[in-house]
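Asks: Chain by chain, the residues run as shown.
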Amino acid sequence: MDRYVLRRLFQAVITVLGVMLITFVLFRMIAGDVSSSYVNQKLGAEARLAFNEKHKLDRPGVFNYHRRLELADNTAGSGMFALLDSGSSRLARALELHLAPYQPEKRQKGGPIITGRLIFNLSPKTALGMMTEGKSFIVPDKAAVPLFIVRLSDGTFLRVDVRLLKTCGDLIGAINGHPSNNGRVEARISRWTIANLFDTQFFWHLYENITFSGKSYATEQTIFQTIAERGKFSLSITVPAMAIGWLLAMVLSCLVAYYRGGLIDRVTVFITILGMCVPYLAYMLLGQWVMFKIAPEYAAGLASPWSIYVPVMIAVIAGLGWSVRFYRVIILNEINKDYVRTARAKGVPLPGILFRHVLKNCMLPILTEVISEIPFLIMGALLLEKFFGIPGLGDLFLTSITSRDVPVITGLTYFTTILYVISLLLTDILYAVFDPRIRLR
Amino acid sequence: MSTITTGRSLWGNAAVRLRRDPVSLVCLAVIVVYVVIAVVSPFMLSHWDASYNYEMRNNPPSKQFLLGSDGLGRSVLQKTLLGAHVSMTVGFMANIIAIPLGFLLGAFAGYFGRRIDDLIVWFYTTVASIPGIILLIALKFAFADKKIFSGSFCEIDLSGMAGVYLALGLISWIGTCRLVRAETMKIKELDYVLAARASGRSDLAILFRHILPNVIHIGIINFSLGFVGAIGAEVILSFLNLGVQNLPSWGKMINDARMDLVVGRWWELASATGAMFVIVLAWNIFGDRLRDALDPKLK
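Keeping their order, the protein sequence lines are chains A and B.
Note that this note's numbering has the first sequence beginning at 1, numbered continuously upward.
Note that this note's numbering has the second sequence beginning at 442, numbered continuously upward.
Next comes chain B alone, as it looks inside the complex (with noise of 0.2 Å):
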């Protein structure tokens, strides 16, 4: 006797394989509980900002404050869970502009071939020779005291964090538009494509509807990735002045403990660190897991 077993798309293995998997599932239970802080903090802390008390400046761990106090007398600790928000909302929206726009571009470019591959390609071959660190701090320079939309309702001022991730999406979407360039090409060979297209069905539905849906895993693993050059990339503006200049985050705590280190100050930066080290750590491992969950010729 045969049992026919129902077929399970690309997504329903992958999710399988992950849930087999209790790395990942850690990992994705770290993410979730930084997303959750993230969200949460800004709210449960508001207090923060204002509770300086200089008679308890620069204390170390104790029962009072868990991770010591910082130069201004305030928790370090909440200070840590408060920077989760300024990193977790770098991290999420560089790659919600990085990522469409690497797909949009690499899906034309690899669509319709000729003279729009040509300008594309040469667009992102431009911007990849340009080492990225200097285009982040020329765009994030170049952000300082403008706003867009300015006067609508939705006014966004660039010299503060999103300016941050709008600088950081402008540089980091190379990689995906290669990457879907490349398999876009591949696929548009495909018979089934070959199908639509004798159907009747016009380019651009055939790019969204049937070719798109083939490459967005690009986009998923390529969100890990994102998200931990965008953690790092934080903390290397905030060394250069030209981060998140109004709220706590991890790469300002990072640079105002510069010269903590020699007088004995370890707390601010290594909490920081630590907060970090966790996030990416989880970031880098979730990534491989799904990257390897999502391929199909593992099996």
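Pulled out of the complex, with its shape left as it was, chain A reads as follows (with noise of 0.2 Å):
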């Protein structure tokens, strides 16, 4: 038992575990630079970019195996080591943007250095323009030359003019072989390291996911904090929807079952079926047009408590026809069972037999459908929250997917994931438990 219990908990990490690989693929490599709806476009390619590092969208997919540009300060002096603003070379700034701050315990033989950015895989064909975002880093301005400018630890500078620059190593070779640099700064390319190989957005995903740590863009509040406040909206929907539903299906299919192949089995069956043809959509239009009808001021919205009564009897109504008739299977195949016919030779009503044994027997699969089915009460019915206006976790779902709000997506989908998976482990030890006729591995 235990080791079953431990095998299967192994499976459910793998499998949440693929969940993430699967919306990290889907929300956010598919989704590609969402910083331009979140961020003003006139504020320009530089907001963009504190963008997307305040939310680490601008770290290497899965791993960050990398080179970056290196400069070292063979002067030993004892001032400030620098990249400084030339105004006309946004190359410049965006260098210095990137590049980590001066590090005294970083001394190397011949005086500090100055990485860049970790996520540079730069190779000396690597274009400048890749470091500017693909804009182009030389600013429009025809009054001042464009200049890459290092301040030196002993007080000199060094002006290199990146104008006829295209690729990193142009770069490279301009800073080192300028006429007046004599070996005072060495640039190179540094060797690959592994540092910060986590430091990706994938294991930034998993590291959001796991904690419900993830931001959203829009309103900078956590998955958690989204959860607690918008969950119980949810949740006023789908609880007495599934107790109701579930309710009156058990009622329904018992009755069924008890007059099996009689006028009122048969009619019952024809309603489900039809029930079953009429689209979630068209239910929904006319729960609506009837509320709307008998009293209009509850039709939309929250704005009373007896609102919520409309979408939880259309939910309640859409989903019977589909859970009479999977009940009433489960139930008619017990009914037909050995046990029961002999109870029946030896004289026992039926209504006997079917509430003393065959609900009994009848349970555990009922039971397994409604457990797996707890998980996705969170989320709501998420069409239903949407066009009656319940601000619950389904609605935000939804315009999060419109406003491509990445962290809310991924961390939404990978809760419902986890209380599915969860229940699936519970439903399985259930059965475990209660049926002796099953044999764990």
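Just so you know, these hints were derived from the structure itself, not from any lab.
It cannot be assumed that every hint is accurate.
[To be verified] Derived Cβ-Cβ restraints for the label pairs, each shown as a range:
id, chain 1, residue 1, chain 2, residue 2, range
1, A, Ile-14, B, Asp-490, 36 to 42 Å
2, B, Pro-541, A, Glu-369, 26 to 32 Å
3, B, Pro-541, A, Gly-262, 40 to 46 Å
4, A, Ala-295, B, Lys-587, 52 to 58 Å
5, B, Val-704, A, Val-348, 57 to 63 Å
6, A, Val-348, B, Pro-502, 54 to 60 Å
[As the list claims (entries may be wrong)] Chain B residues, not near chain A, derived (Cβ > 12 Å throughout):
id, residue
7, Arg-449
8, Val-457
9, Leu-459
10, Ser-503
11, Ile-571
12, Gly-601
13, Met-626
14, Lys-627
15, Glu-630
16, Ser-640
[Stated by the list, open to error] A few chain B residues that face chain A, going by a derived Cβ cut-off under 8 Å, partial list only:
id, residue
17, Leu-518
18, Ser-570
19, Pro-572
20, Ile-578
21, Ala-583
22, Val-634
23, Ala-636
24, Ile-677
25, Thr-714
26, Phe-718
Where a beta carbon is used, it is the ideal one built from N, C-alpha and C, also for glycine.
Starting from two chains that each stand alone, build the complex the way the hints lay out.
Replies: Right, here's the structure in full:
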């Protein structure tokens, strides 16, 4: 038993990891550059870069295995070693923006080193435009010559004209071979480093999901807060809908199974089939219309607590057909078994058999079905929430999809999946504990 | 005197049983009629799109417009007939993608077992544990403004109908895959498979020539289920404005009618719902009958 539970737990973890992989591929990689939806266009490329940096969107996809630009100061002075804004060269600013601050303890032989961003996989052929996110690194300003200015620790400067530079190799060559350099600064591409191997979008995605700490781009709220705040609206529709629906379906299917083959059975089965053939949206429209005729003030929104019963009613009616048919098949399968025939032969009345024996045996598959529906309660009925303007999680999910609020989408998907996987685990264990016919491997 | 009756195959048996059953024949006829409408209507009613007439906006059913007219004064009856094209194409194509995918993965998992089985089972458990509607929306959203095979002669624009059925196909293969896997696992232990292997047939030949023909009925049965699901999903996508954009479809008609019912315009909603109701009912009943007909235990 313990081994079985452990094995199932392991499978559950693997499944959850798979889900995170799928959500990553679907939402992070295909979504593309979302910063344009959240940063005002007028603020320009740098604001977008800042946004991307803040939300870790500038990181590499899966593994951070990189080479970067290094500038070594050989003058051994006591001042500051830095890159300066040249005004007309965006390259210098872009580099400065992303260069790690000067760290004195990183002193190597010859002097301090400035290292570039962790995310570039540089080679001498890397286009310089890549560092400015595809924008030209020369600001169109005819008055000034675009320069790349290095301030050395002995107080002197090195000014490199960047107008004719195309690639990273050009830049390194221009710095090292500058007539006034004389070995004061050495530019080079560093070795491959794996120091920040896991500082990538994928691992941040994993971390944010596992800790529910992903922050919405739009509201800066964490997923945890969002679920706590909005979950209750979703639950207020789905929990009553499920409870009422389950009760109704049980009563109806027992009734139908009791009169199996008779008129009531046929009529009910026929009606449930008809009910299953009506599209969900039509139920919603009709339900709202009926409510609009009876009491227009409750037909939409959440102005009154009574409004919640319209979507609940619709969810119950729309789901009833399927569950009555499902339960009926389970009960009928059980009724046709030998022990029921034996009991009948001995003269036990049918209601007695039905309620004392048959229902007890049917409970397990029915409960399994009910438990596996529980995780989807939290998301609410997406369409109902959207249609009736209820501010639950389903509504939030749909809004986030259109506004490309990736952390919210992945966070909610992950949360639902976790609940689903746990409920599957629970039902398996439930079967194992309560059904002696099932042997655990 | 004894007569030797010729044996009938599973399919022959099923055909005989279906032929004797008037209800399933009626359902089949309904499906055929819908298919014909879906194929013919875009050619017959190509003038519909431009036939707007602002004098006749939102007219209730009358002699001129049997099912009334829509917000641009066009015939709702013709719109409904044109909508069949989208629904039937989506239902058909989603299945054409999903069922072979489910078959292939399920058969490989069931036949080869071990690592391949683990991998495929992991994959479908993972996909199945994301709620279907979320996956559907996500896929459709990811397809926005995307084209595959662009530039070549078979360029497919994923923002339109192709995106809808591709997304549906990619999420609805799991049921088929599960069933096919279980069935393949059962069949590969049978003696005739052992005999085939002993006579030196390759794995792939055994799988495709000897095992798959015996599980193909699962695909036929799941076709009806998938069709019903696809027609329903098309409505949901239209409601979320992620559906088919430039063609009239039932989902779009129902979505357009959201505000109509309150002011008493019922005909557009009613005709789209009615059209959908009939085909879904036909598929549901036909699928049930087909399943019974293909079950050799029921005689």
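Asks: Among the hints numbered above, which are violated by the structure, and what are their numbers in rising order?
Replies: When the structure is compared with the hints, numbers 1, 4, 11, 17, 22 and 23 turn out to be violated.
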